[in-house]
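*Asks:* For reference, the chains in residue letters:
Number of protein chains: 2
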Amino acid sequence: MQIIKSTKELQSIRRGISTKIGFVPTMGALHEGHISLIKKAKKQNDIIFVSIFINPKQFSANEDFSSYPKKEESDIKICELCKVDYLFIPEISSIYSQNEVLIKAPNQSYILEGFSRPDHFNGVLQVVLKLFGLIQAHNSYFGKKDAQQLFLIQKMVNDFFINTQIIACETLRQNDGLAISSRNIYLSKEERKEASLISKSLYCALKIISKNEFDTSIIKNEMINILKDLNVEYIEFVNKDFKEIKKVQLKNTIILIVVKFKTIRLLDNIWV
Amino acid sequence: MQIIKSTKELQSIRRGISTKIGFVPTMGALHEGHISLIKKAKKQNDIIFVSIFINPKQFSANEDFSSYPKKEESDIKICELCKVDYLFIPEISSIYSQNEVLIKAPNQSYILEGFSRPDHFNGVLQVVLKLFGLIQAHNSYFGKKDAQQLFLIQKMVNDFFINTQIIACETLRQNDGLAISSRNIYLSKEERKEASLISKSLYCALKIISKNEFDTSIIKNEMINILKDLNVEYIEFVNKDFKEIKKVQLKNTIILIVVKFKTIRLLDNIWV
Chain Z
463 MQIIKSTKEL
473 QSIRRGISTK
483 IGFVPTMGAL
493 HEGHISLIKK
503 AKKQNDIIFV
513 SIFINPKQFS
523 ANEDFSSYPK
533 KEESDIKICE
543 LCKVDYLFIP
553 EISSIYSQNE
563 VLIKAPNQSY
573 ILEGFSRPDH
583 FNGVLQVVLK
593 LFGLIQAHNS
603 YFGKKDAQQL
613 FLIQKMVNDF
623 FINTQIIACE
633 TLRQNDGLAI
643 SSRNIYLSKE
653 ERKEASLISK
663 SLYCALKIIS
673 KNEFDTSIIK
683 NEMINILKDL
693 NVEYIEFVNK
703 DFKEIKKVQL
713 KNTIILIVVK
723 FKTIRLLDNI
733 WV
Chain R
463 MQIIKSTKEL
473 QSIRRGISTK
483 IGFVPTMGAL
493 HEGHISLIKK
503 AKKQNDIIFV
513 SIFINPKQFS
523 ANEDFSSYPK
533 KEESDIKICE
543 LCKVDYLFIP
553 EISSIYSQNE
563 VLIKAPNQSY
573 ILEGFSRPDH
583 FNGVLQVVLK
593 LFGLIQAHNS
603 YFGKKDAQQL
613 FLIQKMVNDF
623 FINTQIIACE
633 TLRQNDGLAI
643 SSRNIYLSKE
653 ERKEASLISK
663 SLYCALKIIS
673 KNEFDTSIIK
683 NEMINILKDL
693 NVEYIEFVNK
703 DFKEIKKVQL
713 KNTIILIVVK
723 FKTIRLLDNI
733 WV
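One line per chain: the protein sequences are Z and R, in this order.
Sequential numbering of the first sequence, starting at 463, is according to my numbering.
Sequential numbering of the second sequence, starting at 463, is according to my numbering.
Treat each hint with caution, since some may be false.
No copy is singled out in the list; a pair is fine if it fits within one copy or between any two copies.
For lysine-lysine, the following DSS-like pairs were computed, each having C-alpha atoms within a straight-line distance of at most 25 Å [said to hold, decoys possible]:
1) Lys-651 <-> Lys-470
2) Lys-690 <-> Lys-502
3) Lys-705 <-> Lys-566
4) Lys-724 <-> Lys-690
5) Lys-482 <-> Lys-470
6) Lys-545 <-> Lys-566
7) Lys-566 <-> Lys-532
8) Lys-504 <-> Lys-519
9) Lys-702 <-> Lys-470
10) Lys-566 <-> Lys-607
Since the hints were made in silico from the structure, they are not lab data.
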């Protein structure tokens with residue numbers, strides 16, 4: 463595995479590759495979820511690029527960019543074990559310039575995960591467009607867990623006719639159903655136990671829908687019953703254009719949930 | 463020459479090409495300036511794409527998008543004569559979608575040509591990024607006459623690491639020095655004669671600079687003397703980052719001028 467630190471070096475290596483490239487962009491702190499993306503990429507491509515870049519532009523001023531977990535050493539080991547070909551770990555200064563041309567994400571960016579941090583998805587799209595330009599992968603891998611991000615990246619790829627296939631990968635779960643996330647380690651034992659109710663509420667929603675109950679407020683109430691005393695930040699139903707809906711549409715609905723444990727926000731969702 | 467009308471068709475054709483591609487994006491109404499770009503592209507590439515797309519997003523509400531000259535038939539003939547391989551003439555609906563991811567041009571977009579039309583360069587960059595995504599050319603050709611546009615496109619290419627080389631092409635001029643433009647035909651005989659003073663004033667500026675006079679206000683005064691009673695909208699001195707400057711820096715200065723004849727704005731510039 464070759465570690466690449468600069469965009470120039472990356473561009474020069476990229477020019478020499480003519481086989482099929484799979485790309486997995488990450489912010490590091492790699493866990494089983496990322497590994498499943500890399501494994502899928504390995505199966506579908508000849509050469510694998512993984513990037514690790516904690517993108518300052520997607521953090522708000524009140525979010526702690528500087529305390530985001532950094533685990534470079536173990537991340538490198540994981541990538542080696544996964545037989546990644548190129549690991550791209552750029553400096554911030556080689557990614558961003560002064561007075562940049564900016565990406566402005568569309569309406570669907572200012573709800574849900576973008577509601578309280580209006581610049582978050584602008585920052586995500588800004589860096590993802592750069593990475594797409596640099597890597598020029600045939601296939602790029604993103605988790606369904608960040609459903610809104612996935613939607614916006616797919617929209618950007620469509621709008622700008624970017625020549626990469628977005629591969630949406632299933633959320634990986636623990637045995638009790640909890641979606642795997644780097645934030646799970648911050649939970650206390652008690653919280654970790656309660657957190658399994660999140661996916662339980664989503665599966666319950668699926669069950670209700672399978673009985674032809676499509677009214678989202680009824681489904682939401684049942685979910686809240688399961689979640690009991692947990693601090694639910696939101697439960698929302700959107701279609702695949704990320705417009706909020708009142709009636710579930712089969713094959714065109716995502717149920718999104720965020721539950722807070724103290725300051726830790728746990729996201730999950732299910733595609734109906 | 464093959465005429466392509468849809469983005470899908472273009473993408474399918476593009477997938478089949480593995481040789482060197484040159485791309486000349488235009489808004490049609492092709493003149494000698496465009497032809498010189500196409501000829502340069504022919505020399506440097508194996509396959510030539512020309513696009514004709516009158517981009518509605520770069521016109522302000524008060525500008526007359528609908529009256530922009532359309533000359534599709536003669537444009538097609540010109541491209542055939544120039545041995546263009548693919549002429550891309552897309553419908554607006556195949557280029558733009560609902561609720562798009564947007565490009566926001568940087569500070570240098572809201573001065574000079576962007577001053578009275580703040581969305582102009584946002585619209586230019588929006589469509590150019592789409593065209594770059596579609597054509598994926600090795601080399602893309604732009605005229606130096608639209609210096610600010612050229613600067614912003616190069617900035618976008620740098621910021622997003624877009625894999626195309628921007629080739630800046632010299633402004634083509636009539637015998638008396640007037641920069642060739644599709645707007646020149648709107649001038650009366652008298653105006654056409656006076657219009658030659660524009661380039662004359664730029665050459666005069668060069669001459670003054672060659673005598674080591676670098677003070678832009680002195681140079682500007684001399685230029686205005688030459689331009690006499692013409693309606694000068696602006697004369698500005700910028701460096702290659704498109705920041706306004708007070709002292710000419712050799713090899714790092716562009717002198718930009720706009721002169722109005724009734725509603726017709728004639729642009730010109732010279733690179734010191």
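*Asks:* The structure should be examined with respect to each hint, and the outcome stated for every one.
*Replies:* Status of the hints after comparison with the structure:
no.	hint	verdict
1	Lys-651 <-> Lys-470	neither (46 Å within a copy, 53 Å between copies)
2	Lys-690 <-> Lys-502	neither (37 Å within a copy, 70 Å between copies)
3	Lys-705 <-> Lys-566	both (18 Å within a copy, 24 Å between copies)
4	Lys-724 <-> Lys-690	within (16 Å within a copy, 72 Å between copies)
5	Lys-482 <-> Lys-470	both (21 Å within a copy, 22 Å between copies)
6	Lys-545 <-> Lys-566	neither (36 Å within a copy, 39 Å between copies)
7	Lys-566 <-> Lys-532	neither (28 Å within a copy, 31 Å between copies)
8	Lys-504 <-> Lys-519	neither (29 Å within a copy, 41 Å between copies)
9	Lys-702 <-> Lys-470	between (37 Å within a copy, 22 Å between copies)
10	Lys-566 <-> Lys-607	within (23 Å within a copy, 29 Å between copies)
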